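Peer 1: Residue numbers (our numbering), protein chains in the order written: chain W, 1 to 327; chain H, 1 to 279; chain A, 1 to 340; chain F, 1 to 142.
To be clear, the hints were calculated from the coordinates, so they are not data collected in a lab. Everything numeric in this text was worked out from a predicted model, so none of it was measured. Note that CB positions come from ideal geometry on N, CA and C, so glycine has one too. Not one of these hints is a red herring.
Pairwise CB distance ranges, derived in the manner of DEER restraints:
hint : chain 1 : residue 1 : chain 2 : residue 2 : range
1    : H       : Asp142    : W       : Lys233    : 50 to 58 Å
2    : W       : Pro43     : A       : Asp110    : 52 to 60 Å
3    : W       : Asn241    : F       : His69     : 30 to 38 Å
Footprint (simulated), chain A over chain H, 3 or more residues, beta carbon under 8 Å:
hint : region
4    : 7-15
5    : 51-58
The chain contents come next:
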Amino acid sequence: MVDNNQLREAVKKTISRDDVKYVVGYEKGTYGFQTTPCFAYKPEDADKFIFSPLCVHNLSVFPMLEEKPPLRKGEEPDKRKIGVVVKGCDSRAIVQILQEKGLDRDKVVIIGIPCTGVVDPKKLEKMFPGHIKNVEVKDDDDKFAVTVDGKTQKIQKSELIPDKCKTCEYPTPILYDILIGKEIKSNKNEDYKKVNEFEKKSLKDKWEYWEKQFDKCIRCYACRNACPLCYCKECMVDQLNPQWVRRSVNISENTAWNLLRAFHLAGRCIGCGQCERSCPMDIPLMELNKKIEKEIREMFEYEAGVNAEEKPLLAMFKPDDPEEFIL
Amino acid sequence: MKDNPYQPWLANIEEIRDEVGGQRPIKTFKLKFQDKELQNNFSYIPGQCAMVSLFGEGECFFAISSSPTKKGFIEVSVMKLGKVTSALHDLEPGDIVGVRGPYGNNFDVKGWKGKNLIFIGGGIGQAPLRSLINYVVDNRKDYGKLDIIYGARTSKDISYKDEFAELEKRKDVDVHLSIDVKEEGWKKFVGFVPDNLLKVKPSPKNSIAITCGPPIMIKFVIQNLEKLGFTEDQIFTTLEMRMKCGIGKCGRCNIGNLYVCKDGPVFSYKQLKNIYGER
Amino acid sequence: MDSLLLSKNDLPKFMTELIKKNKVFAPVESNGTIIYEQITKPSEMNLDFCKSEYPPKALILNQTETLFKFTPGTKAKIESVDIDEKKIIFGIRPCDAKSIAILEHAFKGDYKDPYFLKKRENTVLVGLSCTKPEINCFCTSFDDTPASSKYLDILLTDIGDNYYVEVTNDKGKLLTKSMSQLFKPAKDSDIKKKKEVEKKAVDIISRHQKTNGIADKLDKIFEHPFWKDIAFKCVGCGTCTYLCPTCHCFDIQDESTLTKGARVRVWDTCMNPEYTLHASGYNPRPARTNRVRNRIYHKYNYYPKNFDVIACVGCGRCIDLCPVNIDIIDVVTRAGEVKP
Amino acid sequence: MGEKFEPNIIGFLCNWCSYAGADLAGTSRIQYPPNLKVIRVMCSGRVNPIFVINALQQGADGVLIGGCHPGDCHYERGNYLARRRMAVLKKLLEYTGIDPNRVRMTWVSAAEGVKFAEVVKEVTEDIRKLGPMQHFKRENKW
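So that you can see chain W by itself, here it is in the shape it has in the complex:
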């Protein structure tokens, strides 16, 4: 359970520093159970900051979205830091970006929040449909206390949390400047149950499943744009010369896009689930990401986003990497 006052104090303190441009955190959304990213430019702005199990967004995407307009003559670049409120999983995204040198450590102030699991907005909306006002969700040990129109109901966490939280190994941010509350140790274990289950299927069944999923894709690239780790200046699908993936929407191009997106996050995806949450067509993108995560754990004993000093997975090797598939 996070104390909102403590969070606001920390944000106030951070934004009062001269070398901080703004702090990004969460505030209440415009309707229903929504929360939304919010920005503090001055200490008063901190008063709207909250943290609750509804804060699902991975805010570490915002430092990467910063536009760098060309400087006018004699103009100094804005070297101030950006403050980010992060949960355990979100902090791994920052670690991973630091590892890839996408961001300098002294460009961010990390306000860490030990997280005991967020809710899956889709599951919540299904259970309590159609509520616009007067709703709240609070953390209550192994339950969520969901308040709707003054009536509070306690619901087992396992019913509402997304899959990623069920097996979360890093509830406390790995890297932080300020920690709100006490560290939490995880007793959970990533067992890749779903992946193992799916692997047992035949190739034909697997393709049948994915063909249906990829067929739904409308190639809006929301998965890419929402992902904190998709920060390439020019994405390979936007390249025109050569044009690897055509823009027309059909199973061939959709499959190519989805496979390449997953591959480009190999050893980089930290499992925040932002892509799947943003997908308007509900494609289970995390299943692909988890599969790769499992394989690199098994093959290379590597985990993304835990050690900023390590080299990126695909930029290094060990002489004894598995090679039984090589002729």
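Based on the hints, put chains H, A and F in the right spot on chain W.
Peer 2: Frame of chain W; chains H, A and F shown alone:
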């Protein structure tokens, strides 16, 4: 094709002229429609544009740089920049391209009769002006004094060199060329186009100034024109944007509620001041 | 306008007849979401829904459309494509039908878009009144109701045992006349029942957008810092524009193999920086603020200026699916309140 | 139908070893199936998975990547990096229901003409058994 604005007519490349070499070369393509009747009926006014496509590569929106007074062909000048323009630069005479148009509005050649015209161009921005200059020169008696101010980075970057030489020979046209950086053997003005404009000092009386070039140049040219006493409805410019359809449907070239492809590319400074939007 | 009754028991018969002679697209449940797909028998339909996530505009303004075919390279030839397909969209909601009428403004005018207009002409819209609007529906903010027949050829409204059928034009009449044995004339009591159903649906809608004078207001606040406030949380995912039933922007690209090719038009989104990027590297809309503002202005200022109608139907898709809760109801209402 | 299926295989061979190995096989007149269409790359590390996916899209039934033996890479580590990449890609393909045997990798040195021919034989036979690649081939339906 007539009832489908997306489908281009086929045209043969008659001739390709190198205008400028170097990093960003410019070539002028002389195009002739395969359909003779169409070629004879294809009418346009200076300032209008056409969509030129290379099949398999894509389409680009260009100002028609030839004058409608020269019949039997159209010309476009292309700077090598992106995918399509690079592919166009690899073409040879005889190759086939697609052309659709003419699109957009035009310079008010009728309304400007009897007025003094000042053309201020920079770099590839001369293309739409060239069409107008040739038109005006071919109808010379309809117009007052003509001043052409043109600048490029170096003397090698000056486009339409031969035509400028021809114009310079004429007594009824004043040509003021400039280059940005000092060069041996260059006897004309050295400096930026807006400065050359101040040196030439055209009178605003009964005059129209038409400017086209890089955005930064246009900005300072307009400032200097106002200094010289030009009012905002005496200044005209042409704009460019990324375009795909050319007919105001695809949405990307809007400045406010106007589409540059359909409602532009020619705008008076008065219009530009009154619409808001990114450009 | 004709007012008729169709017994609910006769709906399958009606649909079977339609399918016999026409390509019929209807709401179908697939992987937990509703999409409009071609059906071969009435039982494939699912009419228990509010709206499909993927807008039915895609049946007229296809996401991928072949403009024409060609032989690539420097010795090109062109071949036109056939666009004469006729179809019926059954179960389209009044809001989605309105969106098609709004889109039509953009595609007619000086240059007529044959692909959209032909398909529009060849499509019969058989609508179904919406009886259970969801939390983000706000069609009533545009003087419309979930049971308005204005933009449809035929509108069916569930009034208990029967569908109350409104036939608004000749296109619709042609359909109902060919199966006149299935329809009975409606009585005054049925009209009353429809009104009740309509009122009930209207009452469910609890979110409203203040659109009064919004176009004029936007004229005054283009440079307002308010837009930065709104846009800063945008991650630029583009979901709002892809799923918007009134967004019409597209990209045109050539696709080719060595021997054949086609010019293809695909949906595009103004939320992508690449959308306006010039070949020279210059971008007139480089920042999120520019792009988010352009989206709102296109709908609430440019469109009213050009075509006298707000390009929003209040379906709420962009609000439902925005990953960061940029809420167009809230944005526009607040824009109406900021001081210029 | 009735015509025997001849697989189309794209080979990305590294300039320093595998390509030279293929050359040796040729000059030594060792027979190997003509199904392999070779694209020379400077190093197996140059092979971006996008190449592989794109080849499969454009009508290849299989892809063979040839590099130097571990430790022999002209650029010291290119083949090691390629090995990691392809290991991940193959797992990903398998997970989505595409037979990972369509993407093969081999170490062939400049002296191994015989090995090269054998590898091509094996890969061709394997892919012949798998049949044409149909999962996400471009249909070019215009």
